[in-house]
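Since chain A is already given, all that's left is putting chain B on it; use the hints.
2 protein chains.
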Amino acid sequence: QQTVTLINVFEVPEERYEETVAMWEAARDVMKAQPGYIATSLHTALDEGATFRLVNIAEWESPAHFQAAAKALKEAETPKVEGLKFHPMLYRMLRQDPEN
Amino acid sequence: QQTVTLINVFEVPEERYEETVAMWEAARDVMKAQPGYIATSLHTALDEGATFRLVNIAEWESPAHFQAAAKALKEAETPKVEGLKFHPMLYRMLRQDPEN
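Chains as they are written, first to last, in the working numbering: chain A, 175 to 274; chain B, 175 to 274.
With the rest of the complex left out, here is chain A:
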């Protein structure tokens, strides 16, 4: 099966930035223990006023592995951040340059 990329863009209420990073760390600790986890990185916008100030990009061995991990994350009850909006979606690579 093909590895998949989870891209999750966060709309972060201004005063909730630190809280969102802490929530991400708690979720990462749950996810990295799940089968099929490969890697993850959290990116922060250079412009603090950006619509999507934080973006998480993670690699998983398959969609099924990710779905199971997402379920485990729900059960882990990591902290919720008031007013935080996010858009998690699974992707596959369509084009790449340079092609490896």
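Check the hints yourself; a few may be wrong.
[Claimed, not checked] Computed cross-link-like contacts, SDA-like style, restricted to lysine to any residue with a CA-CA straight-line distance of at most 25 Å:
no.	chain 1	residue 1	chain 2	residue 2
1	A	K254	A	A244
2	A	K206	B	K259
3	B	K245	A	A219
4	B	K248	B	F260
5	A	K248	B	G223
6	B	K259	A	L258
7	B	K206	B	E235
8	A	K245	A	Q176
9	A	K248	B	Q270
10	A	K259	B	P187
11	B	K259	A	H261
12	A	K245	B	A219
13	A	K248	A	E235
14	A	K245	A	A219
15	B	K259	B	D203
No wet-lab data here; the hints were simulated from the structure.
None of the values given here were measured: they were computed from a predicted structure.
Frame of chain A; chain B shown alone:
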């Protein structure tokens, strides 16, 4: 200077998917010739109904390199896609697992 990551999420009108991929390829050909370009990849959502059906992730040597390239792209007049919405933003890495 620290390398930066350009993350651009596309809201793709349903019937404009192929056209958007072709536009991305034309833009990639301009950008990859610009100083400071490192790499780029285009990701497509597994769920064709996804809000952000296409996401471009590119690496650049610095913000200044990217700004100059973006200017060159505007002058190159690559094809426009009717109704396409996109949100390009520069990011830096905040957290990474596993840490390399």
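To see whether the hints hold, each was checked on the structure:
About 15 Å separates the Cα atoms of K254/A and A244/A, which keeps this hinted pair within 25 Å; it holds. Among the hinted pairs, K206/A with K259/B is inconsistent with the structure: their alpha-carbon atoms are about 33 Å apart, more than 25 Å. Between K245/B and A219/A, the direct Cα distance comes to roughly 20 Å. Compliance with the 25 Å bound is thereby established for this hinted pair. Between the alpha carbons of K248/B and F260/B the distance comes to roughly 15 Å, so the proposed pair stays at or under 25 Å and holds.
For a cut-off of 25 Å, the pair hint linking K248/A to G223/B stands: about 23 Å separates their Cα positions. With a CA separation close to 22 Å, the supplied pair K259/B and L258/A stays within the 25 Å bound. Between K206/B and E235/B the CA atoms are separated by roughly 12 Å; this keeps the pair inside 25 Å, and the hint holds. About 21 Å separates the Cα atoms of K245/A and Q176/A, which keeps this hinted pair within 25 Å; it holds.
For a cut-off of 25 Å, the pair hint linking K248/A to Q270/B stands: about 22 Å separates their Cα positions. Taken as a hint, the K259/A and P187/B pair is honoured in the structure, with Cα atoms around 22 Å apart against an allowance of 25 Å. Restraint check for K259/B and H261/A: the C-alpha separation of about 16 Å stays at or below 25 Å, so the hint holds. For the proposed pair K245/A and A219/B, the alpha carbon gap of about 20 Å is at most 25 Å, so the pair holds.
Restraint check: the Cα-Cα separation between K248/A and E235/A comes to about 20 Å, which is no more than 25 Å; the hinted pair holds. For a cut-off of 25 Å, the pair hint linking K245/A to A219/A is broken: about 28 Å separates their Cα positions. Proximity of K259/B to D203/B is assessed by CA-CA distance (about 21 Å); at most 25 Å being required, the pair is judged to hold.
Hints 2, 14 from the earlier list are contradicted by this structure; the remaining hints agree with it.
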